[in-house]
Amino acid sequence: MPRIALMQGNEAVAEGALAAGVRFYAGYPITPSSEVAEVMARRMPQVQGVFIQMEDEIASIMAIVGASLAGKKVLTATSGPGFSLMQEGLGYACMIEAPIVILDSMRYGPSTGMPTKVSQMDLMQSRWGTHGDHWLIVYSPSSVQESYDLTIRAVNMAEKYRTPVVILSDETISHLREPITIADVSPTVDRRLPAERAGYLPYKTDATLVPAIANVGTGFRTSFTGLVHSDTGFQTANGHVAEALITRLRDKLLSKLDDIIELEADRVEDADITFISFGITARGVAEAVDVLRTRGKKAGSLRLVTLFPFSDDRIRKAAGNAPTIVVPELNSGQLVLLIKRVFGDSRRIVPLNKVNGDLISPADILNFVAEEKL
Amino acid sequence: MKMSNLRSERLPNIWCPGCGNGIVLRSLLESVEQLGLDTDKIVVVSGIGCSSRAPAYTNFDNVHTLHGRAIPVATGIKLANPDLTVIVLTGDGDSSAIGGNHLIHAARRDVDITVIVFNNFNYGMTGGQASPLTPVASVTTTTPGGNTDRPFDLVNLTAGAGATYVARTGIYFTKHMLDHLKKAIAHRGFSLVDVIAQCPTYFGRFNRKGDAGQMIVSQKDWLVLKSVADKKSPQELAGKIVIGEFVNIPPPGPAVVPEGQV
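If you read the protein sequences in the order shown, they are chains H and V. Going letter by letter, the first sequence gives residues -5 to 368 in the numbering used here. Going letter by letter, the second sequence gives residues 755 to 1016 in the numbering used here.
No lab work stands behind these hints, which were simulated from the structure alone. You can take every hint at face value.
Within a straight-line C-alpha distance of at most 27 Å, the following computed BS3-like cross-link-like pairs (lysine-lysine) qualify:
1) V/Lys795 with V/Lys937
2) V/Lys974 with V/Lys994
3) H/Lys292 with H/Lys334
4) V/Lys795 with H/Lys154
5) V/Lys795 with H/Lys198
6) V/Lys756 with V/Lys936
Taking beta-carbon pairs under 10 Å as the criterion, some of the chain H residues facing chain V (in silico):
7) Phe18
8) Glu49
9) Ala53
10) Ala64
11) Lys66
12) Val68
13) Glu82
14) Gly83
15) Gly213
16) Thr219
17) Leu221
Incomplete in silico selection of chain H near chain V, CB under 10 Å:
18) Val59
19) Gly60
20) Ile90
21) Thr212
22) Phe214
23) Phe218
Glycine is no exception: its CB is placed at the ideal position from the N, C-alpha and C atoms.
Use the sequences and the hints to build the structure in full.
Written out as structure tokens, the structure reads:
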């Protein structure tokens, strides 16, 4: 029978990871994500898993990459300053196609900023933080329940597509306590493994575009490198091979958008004003939309559960036809850049930003709508 | 030597003529063979640099990681699957500069991996710049007037950090090198071998050390066996580097068990 548990967001990420089969956690303490490590330090030994506190975030992400290559489902958790240090490892995981999951609980930045204050300032970093063209999946939970559910999904997607997946949460969701429902068994996905040693080419792919790479230590003698590599796994400087590799890394995700992208639309069909938001901010939006509707204002909401890949087409179709779109976010305007790209001049796109370390409350939104005469 | 452990199809290697890396690689492959290890269970991990290309010439699972990051990847692999023999092949810059923090922490944890440092006193791949192991007064492209920084002593550094097996050798001393690589790989716990090799293209040329052959042979003049060095005064050892086994603490060490599971 499903059970109800009172849980903190960080605890839900840890428990979701365990339910998804994560058996290796490496991390470094940082506010506001440290509780994930604390839960894992206690829980991993109970499930014959490994917890290790590394010397920094660079080592943390590299350790989970190593454990992933050895066949474990893996997680690390951090916040902005640590996420910055993890960027080189994130790019490496993209390139060698190591399934890994990273929680970035966003705090106020840049630099050490305000460690205990919420923000959504890492949005673009989650997509473009590491150098070079690369693709990955980024999920945004808005509740403790979703922290649990999306972590399971993140682990499954990492395995299925052999890609890094970022859970882009924030200080408030991380520390929020809410009752959640936990299923007895959660559906899990395991990475595809090669069947035959004869003719094995680790990076040769079929129509799925996802390689079936052997775990190390299983006799397949795989070669991994962050350098551009052919389907043998060995380095090459051949431009045609490089182009084919980068194109496949893109298409293996962009050809699966039905599976990856989740958008949550609420009353956008007849809306005159639609809010597009993610994470904690979407909770304030939900209440503001209710209030606006009771006042006779046709308001709607589009919540981005999947932030990246970001599909302009899907956003356009899901957002309805409201002539005015408001983009509230806890930064100086990051998501709004993408929304402007989607709609061009066809709608009035209005940014609503807050950068004082507080949340955007329903009252903030209502006041904004009134003051801007939206 | 069993040629099946060498990935012949990847040859010729990328190293310059006269480079010492191939000699270290051969010694590694001989070590593995003589120890009778299950080659399906060996993972060779490296960072970035000339030496870090060595794993790709082995017919084992091999992971070419990022600059300085071989050790945390190796740590993750070993803890995820303790049945594996995990060997890190790294250079002086890769292990002691950009990867220096990972090196001392792996030694502290006594994680059961072997780190083999191909020490040629400079960054070869990028054109012969100074590393933390470049001797004082040596000329490199970033120390054109002679290096003024003191080098690390990798043996004392890792011993101080808690490594349970530490040795130094030189490629001139082939039997010595093979013996110590074998002992390091067989050791349960963190082991490191500092292998002194030559870079005739940069370090040798800039410092007028002669050709590759002369650089190798000269090792018998400035590398001193520990058993001999123990009887000499510090004055007599000036300008010399001591080779041999410096730490060998048998298991059970404190580690093999990852933190949080004790």
